[in-house]
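Turn these sequences into a full structure, and let the hints steer you where they fit.
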Amino acid sequence: MHPGIIGGIIGGVIGVIGGLVGSYFSIKNTNGPKERAFMIKFVIIGWIAIIVFLLLLFYLPKPYNFLLWIPYGFALFIAIRYGNRKQREIRKQEEESKIGTSDKG
1370 MHPGIIGGII
1380 GGVIGVIGGL
1390 VGSYFSIKNT
1400 NGPKERAFMI
1410 KFVIIGWIAI
1420 IVFLLLLFYL
1430 PKPYNFLLWI
1440 PYGFALFIAI
1450 RYGNRKQREI
1460 RKQEEESKIG
1470 TSDKG
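Under my numbering, read the sequence shown as residues 1370 to 1474, first letter to last.
Watch out, some of these pointers could steer you wrong.
Said to hold, decoys possible - 20 Å max Cα-Cα, derived PhoX-like pairs, lysine-lysine:
(1) K1403 - K1467
(2) K1397 - K1455
(3) K1397 - K1410
FYI, nobody ran anything at the bench for these hints, they're computed from the structure.
This is the structure:
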């Protein structure tokens, strides 16, 4: 087997394992039920988006497949900013609700 193919397969496997580990810990390190539910949805949507991107990258003819990197870069940037902002808001809401219930007790 050609070394380039072996490297591509090994690199792909390492990338998927890294994505799975990152997804697992992103969900595991949540602080409350709303944050966990959001993170599960966010991870699922992220995996679907990446799979669609890769399928388009492989099946679109050149040069269109290379042009996919432009919207992918913008979409990735926007998704990360949105996810971080939303997670911060949810943490703040859950923290405030914990403080509110502990004051009543």
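Hints and how they fare:
The straight-line distance between the Cα atoms of K1403 and K1467 is roughly 13 Å, inside the 20 Å bound, and the hint therefore holds. Under the criterion of a C-alpha separation no larger than 20 Å, the hint pairing K1397 with K1455 is consistent with the structure, at around 17 Å. Between K1397 and K1410, the direct Cα distance comes to roughly 14 Å. Compliance with the 20 Å bound is thereby established for this hinted pair.
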